[in-house]
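For the record, the sequence lines run as chains A and B.
Here the first sequence is numbered in our numbering, starting from 8 and rising by one per residue.
Here the second sequence is numbered in our numbering, starting from 12 and rising by one per residue.
Each hint should be verified, as a subset may be incorrect.
[Unchecked claim] No farther apart than 20 angstroms at their CA atoms in a straight line, the calculated lysine to aspartate or glutamate pairs in the EDC-like style are these: (1) Lys31(B) to Asp132(A); (2) Lys357(B) to Asp182(A); (3) Lys164(A) to Asp527(B); (4) Lys201(B) to Glu231(A); (5) Lys12(A) to Asp453(B); (6) Lys123(B) to Glu97(B); (7) Lys486(B) to Asp182(A); (8) Lys19(B) to Glu231(A); (9) Lys506(B) to Asp527(B); (10) Lys357(B) to Asp178(A); (11) Lys228(A) to Asp28(B); (12) Lys257(B) to Asp84(A).
Worth flagging that the hints you see were computed from the coordinates, not collected in a lab.
Nothing here was measured: the structure is a model prediction, and the numbers come from that model.
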Amino acid sequence: MALHKGRGFACINYPIGMNLGGDPSQALVHSTPDGKFMVSLSAIDLGQGMKSVTRQIAAETLGVPVADVYVDTADSDTGPHDMGSFASRGTHRVGNAVIRAAAEARAAMMEAAADELEVNPADLDTDGEGNIHVKGAPGRSITVADTAIAAQFKQGKTLSGRGIFLIPTSDVDADTGEMTPVSCFAHAAVVVDLEVDDETGEVTVSQVNSAYEVGRALNPKMVEQQLIGGAWMGISHALYETTEPYYPDRSHGPDDYNSYLMPGAGDVVPHNIAVLERPAEDAPFGGKGPGEMCANPLLPAVANAIYNAVGVRCDMLPITPEKVLRGIQANGGAQPKGTF
Amino acid sequence: MSSIEFRKDLFADERDDTLKEIGKPTIRQDILGHVTGRSPYFDDHLFEGLLHMRCVRSPHHHARIRSIDTSAADRMPGVRRVIRPEDVPNNLNTLLALINFGKDDEALLQGKKVAYVGEPIVAIIAETERQARDAAAVVRVDYEVLPHVLDVEEALEPNAPVVSETYPNNTFDYHELYDHQKLRFGDVEKGFAEADHIVEGRYQMSPIEQAPTETCGAIAAPETNDRFVCYTSTQALFFSLGTTAKLLDMPSSQLHFIGGTVGGGFGGKVDSLHEPLAVLGSKLTGAPVKYIFDRAEEMQVGAPRGAERWYIKDGVMNDGRIVARQFTGFFDCGAYTRLSSYAIIKGTGHLPGPYSIPNVASNVYCVYTNRTPATAMRGFGITGVDFSIECHMDKVAEAVGMNPIELRILNAYRDGDMKAHRRLAKNTALIECCQVAASKADWAISAQAAAQTSLQGGGGERAAIPETVTDQAGKIGERRRNKIPTAPGEGASAKGRVAAGTSVAPIIAVPPQRDDMIIDPARTGHRKSAAEQSPAVPSVHSAPIAPPRYTPPTPPTQAPMAPPPAAPVAQPQQQAAAVQPAAAEPYKPTEPFQKGIKRPGVSRFISGTRRR
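Build out the structure end to end from the sequences listed, making use of the hints.
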């Protein structure tokens with residue numbers, strides 16, 4: 008028996024958002040009396056960080072510290088309409104709606120501050136730390152808190168904004184497939200290194216090197232979490248998971264985690280990531296949403312690496328030890344394809 | 012150990028990296044609740060007197076229901092209500108009815124004919140989950156077992172069992188015309204004839220589970236004002252609310268849905284199976300009702316990522332250029348449509364992958380089989396075909412004896428290239444990703460491949476839409492009468508031609524309602540101001556490449572290609588540019604500033620509190 012090293016490559020692009028049915032999202036922003044801002048949504052945070060990303064987007068657009076913004080979401084009585092968290096649309100669609108709502112709230116805030124400072128609103132800017140000052144004269148300023156107090160208790164104005172983002176329905180041509188399916192694309196390329204045991208057919212992934220282009224890393228920590236977790240999910244899909252092991256036969260389907268195989272947290276392979284950022288013109292601050300796409304290139308890269316290691320083409324997922332071993336036996340033994 | 016680096020050197024001239032909050036590793040606002048176990052999930056809303064729901068499910072792949080006898084279940088201890096199919100006010104729906112896509116094909120509780128193992132027939136509401144399970148076990152359903160079909164290509168045979176009476180051909184109806192979605196760009200047959208090599212492959216993906224930690228579920232309770240509150244694990248709050256309103260035939264204003272913290276979704280929590288039954292149960296009993304999948308249901312009854320089968324045929328030149336690529340794809344959507352029909356359109360728009368190939372054709376089928384309906388999962392519509400494309404690229408590389416990464420860079424799409432769905436590529440970065448990944452892994456590529464860029468070499472001739480060969484094979488119902496081939500163009504009695512350059516205006520975002528809703532373009536994080544971008548060329552660099560020829564040289568020849576109504580043609584960024592204020596002179600005060608300054612020590616807090 009022997010362990011054979013192999014390496015495989017794959018690269019992909021991934022469509023962000025989906026506008027074949029019209030795909031709106033709304034957001035509302037309002038200030039509390041002391042100059043904090045509430046963002047009201049009905050978008051769902053699945054753990055992907057919806058609340059955090061929209062909070063940062065609102066803070067950036069308003070020009071206030073992120074600590075002064077809170078996101079309240081997922082109550083149909085208070086949150087305005089949103090299609091949902093799927094199709095990599097959350098950051099793009101909801102983010103754009105939040106930008107519009109926050110921009111309108113900012114305009115109201117600047118008007119209120121201008122009244123207090125007795126200047127033209129166009130001459131004002133925010134410092135991102137809770138102050139509004141005259142451009143070129145940072146000493147002449149008012150805090151966001153005092154602006155909110157003045158607006159509400161003196162001027163009788165709200166500091167609030169509404170936002171919606173919609174790309175209208177795209178028709179799809181029946182004969183040519185012409186359409187405008189999405190708004191932008193994220194990109195990725197990965198190199199997977201693994202070992203194949205030619206006696207058992209078992210595959211052990213040893214290392215992943217990758218480059219992911221995400222438009223802009225709106226929150227670099229959350230991007231890192233998404234990419235490491237997503238790549239793990241891609242490897243799991245490639246090597247372990249299925250609800251129908253003998254598809255299309257339905258027998259032997261797993262019904263718990265003892266029989267539905269997934270690698271554990273201890274099986275996360277070392278993954279060296281490079282993040283590239285090419286902002287998309289219609290995306291919030293250019294960010295495209297890395298969540299969905301990051302698993303995809305791992306599947307073919309694993310299959311290609313197995314071929315490189317032992318010469319077995321694995322065109323059916325998942326690539327179980329049984330399939331690898333049968334392939335090796337059919338070829339009369341492992342046939343390593345050389346090194347890259 | 013894993014590592015991450017941010018390659019700020021790449022595309023630096025397109026970004027403004029001086030933003031204050033964007034790009035910061037801000038901690039999640041809800042992380043403390045998560046790590047201390049205090050974040051409330053839907054299942055934490057334990058109402059007093061909460062009732063529990065379990066479903067009686069089909070043990071057969073395919074069977075007609077002769078009768079349902081629930082009399083024994085009615086008498087079981089703790090049973091408060093047995094919901095039968097006829098108790099559902101409007102017992103037929105399709106998820107995408109909300110966007111007017113497809114026909115209603117799925118019952119909330121099936122009373123006529125079950126089409127997969129696990130299909131719900133009767134729902135039992137009892138005081139404990141144990142009692143609900145026991146009562147479900149004594150419901151007697153009399154079945155007439157029918158022949159079933161589990162393979163997508165067998166389901167397309169003329170004599171295959173009919174899975175869904177709504178779609179008697181076992182395929183979703185596209186455009187009320189074909190039994191599949193077509194994509195045609197150029198002439199693949201001509202490309203294959205010119206090619207030095209033909210490379211073919213077949214790829215298959217089995218269903219997989221989204222595997223959330225928290226299984227799908229909902230708790231509904233009557234409120235005092237003739238409304239119902241529903242705590243749910245949904246990924247799409249208004250989707251679930253709208254679906255519930257339709258199935259229960261009640262005004263959406265009577266529904267108050269609360270979601271939020273979800274224990275993992277990955278696409279498996281869009282189907283809205285639990286909210287309607289929980290609300291119906293609550294309505295019929297006047298009590299709070301919980302309906303949640305157990306783990307076995309989550310894995311075998313909850314919709315998986317569906318299986319896909321793809322056939323790819325490439326025509327390749329000796330130098331590695333792919334000159335034609337053809338796909339035949341089958342999505343195994345299971346017994347009912349759910350979202351598969353939509354994923355096929357998304358997948359079709361994705362073909363032929365991130366490559367510029369002058370001749371592309373595909374036929375993709377949404378096929379009904381007697382298995383658990385499929386639904387969304389991370390990468391929906393794309394994961395399976397990306398697996399196929401990228402495995403195939405390695406086969407092509409081997410066929411022409413090329414380094415696999417160099418092959419990708421050679422064929423990669425670039426800014427200004429025309430894509431097969433007739434829209435220009437922009438903002439591309441595939442080549443850079445290939446180069447960076449290769450370098451990180453010490454995978455040597457040629458100096459020529461390392462010198463390529465997404466910004467140059469695209470557009471020009473590559474922006475042209477070629478004359479395209481079309482066919483009308485695969486009309487709805489045709490396959491039921493005669494066995495006909497599934498691959499693009501095969502079995503067509505005649506071929507049509509669409510003139511070169513035929514396309515309609517792209518769809519773009521609706522501009523903001525009011526000028527105040529437009530963020531100052533200088534604050535969007537884009538380095539290139541909107542004004543610098545020319546109208547029809549999105550993001551093409553000022554490199555010495557010919558601008559894409561976007562204007563069709565001939566008028567559109569096809570009636571179905573009429574422009575969609577009221578599609579604005581201007582770029583959203585130009586809308587923003589239109590109201591961009593002129594750069595203001597720095598303000599110079601005429602007298603010393605007096606009021607409104609920060610007052611340390613003065614409380615800013617007057618009366619408000621956060622709502623929660």
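Status of the hints after comparison with the structure:
1. Lys31(B) to Asp132(A): Satisfied, since the Cα-Cα distance of roughly 13 angstroms is no more than 20 angstroms.
2. Lys357(B) to Asp182(A): holds (16 angstroms)
3. Lys164(A) to Asp527(B): Answer holds: lysine 164(A) to aspartate 527(B) is near 15 angstroms, not above 20 angstroms.
4. Lys201(B) to Glu231(A): With Cα atoms ~45 angstroms apart, lysine 201(B) and glutamate 231(A) exceed 20 angstroms; violated.
5. Lys12(A) to Asp453(B): The hint holds at about 15 angstroms.
6. Lys123(B) to Glu97(B): holds (11 angstroms)
7. Lys486(B) to Asp182(A): Holds: lysine 486(B) and aspartate 182(A) sit about 11 angstroms apart, inside 20 angstroms.
8. Lys19(B) to Glu231(A): Given that 20 angstroms is the threshold and the Cα spacing comes to 15 angstroms, the pair holds.
9. Lys506(B) to Asp527(B): violated (53 angstroms)
10. Lys357(B) to Asp178(A): Given that 20 angstroms is the threshold and the Cα spacing comes to 12 angstroms, the pair holds.
11. Lys228(A) to Asp28(B): Measuring from Cα to Cα gives roughly 16 angstroms; hence the hint holds.
12. Lys257(B) to Asp84(A): holds (18 angstroms)
Consistency note: the structure conflicts with the earlier hints numbered 4, 9.
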